[in-house]
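Visitor: Chains as they are written, first to last, in the numbering used here: chain A, 1 to 102; chain B, 1001 to 1206.
Because the hints were derived from the structure by calculation, they are not lab data. Some hints here could point you the wrong way.
[What the hints assert, rightly or not] Just some of the chain A residues that point at chain B, by a computed CB distance under 10 angstroms:
#1 A16
#2 A22
#3 A27
#4 L40
#5 S47
#6 M58
#7 P59
#8 A74
#9 A77
#10 K82
#11 A92
[Claimed, not checked] Lysine to any residue pairs mimicking SDA-like chemistry, simulated, CA-CA at most 20 angstroms apart:
#12 K1131/B - D62/A
#13 K43/A - L53/A
#14 K101/A - D1015/B
#15 K1120/B - Y68/A
#16 K1074/B - E1050/B
#17 K1131/B - S67/A
#18 K43/A - A1167/B
As the structure is a computational prediction, the values presented were derived from the model and not from experiment. The beta-carbon is built from N, C-alpha and C at its ideal position, and this holds for glycine as well.
Chain residues, written in single-letter form:
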Amino acid sequence: MSETDRGHHDIGGDPAGPVPRAEHALAPWEKEVDAIRYVLGQKGLMSADKLRLGIEQMPAEDYRRLSYYERWLASIAWTMEKDGVIPPGSFAARVAELEAKR
Amino acid sequence: MPHDGPHHHHDHAPDDPSFASRSAIGARALRELLEEAGVLAPGEVARQVERMDTITPALGAQVVARAWVDPAFKARLLADGSAAVREFGVEMGATPLHVVENTDTIHNMIVCTLCSCYPKPLLGIPPDWYKSFEYRSRAVREPRVVLAEFGVRLSDSMAVRVHDSTADLRYLVLPRRPAGTDGWDEARLAEIVSRDCMIGTALPNA
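Build out the structure end to end from the sequences listed, making use of the hints.
Guide: So this is what it looks like as structure tokens:
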């Protein structure tokens, strides 16, 4: 397997700049996404492996662009649709509906 | 609604945090859909958020302090971390806890190169830097340089062991009890054990 075959998440050992040390207090929505994953995990619907699979299969640009919990959100929504827990396309549709109410 | 204009339908409180950003809306959308699917009960997510808020590195610090004063507990902790922390009411669940001990010749540090695996039931949610691409990339390649950035300078004779966490195994560093702490009780000892001490990017100071 050549270096270029590695997934976008497989970055151990890569060169990189200084570790950014600023820490932010989690926003309510970030805590909510963390909690949704945990509760779904307890119910056997969203293991840590599935969470990672969803994150590792997203386009590399998204992986780099999205924040940590944005990646989680995308992965959980994708997985729930793929596994038929929620209807296909329902996540994007609901986001659009709620956006229209802002 | 008193002033429902053509472009805005204010059927939520103006300061409702679930409308604060596109991401917040995404989280709300997902929760609503899962509740409608009958997978999540109303209030279930909020209760987990509250529970998670109670888990802070202070919990891990209590475990470390106990290990410092109680050799039998320390032996149990190193032999089977998950079972030992259960004595503190901490349930690791499906991901066993492996505790690695700093000695006068070995310094341990933890990373998750692939994602962000972390002993959350013991330390809470990991800090931003732990999840950063930079830490994940460099911790395994140049740990001493990274440690120096965190202010931890080790002698050349100190071996550094970097532990790459996985979805199936979580690590916790048991730091060395600093000199000058003889006679301290557990509560006082726990106060000098920071989160970063238990990740291995800081050392406790008396």
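Visitor: Any hints from earlier that this structure breaks? Give me their numbers in increasing order, please.
Guide: As far as the earlier hints go, 6, 7, 10 and 16 are violated by this structure, in ascending order.
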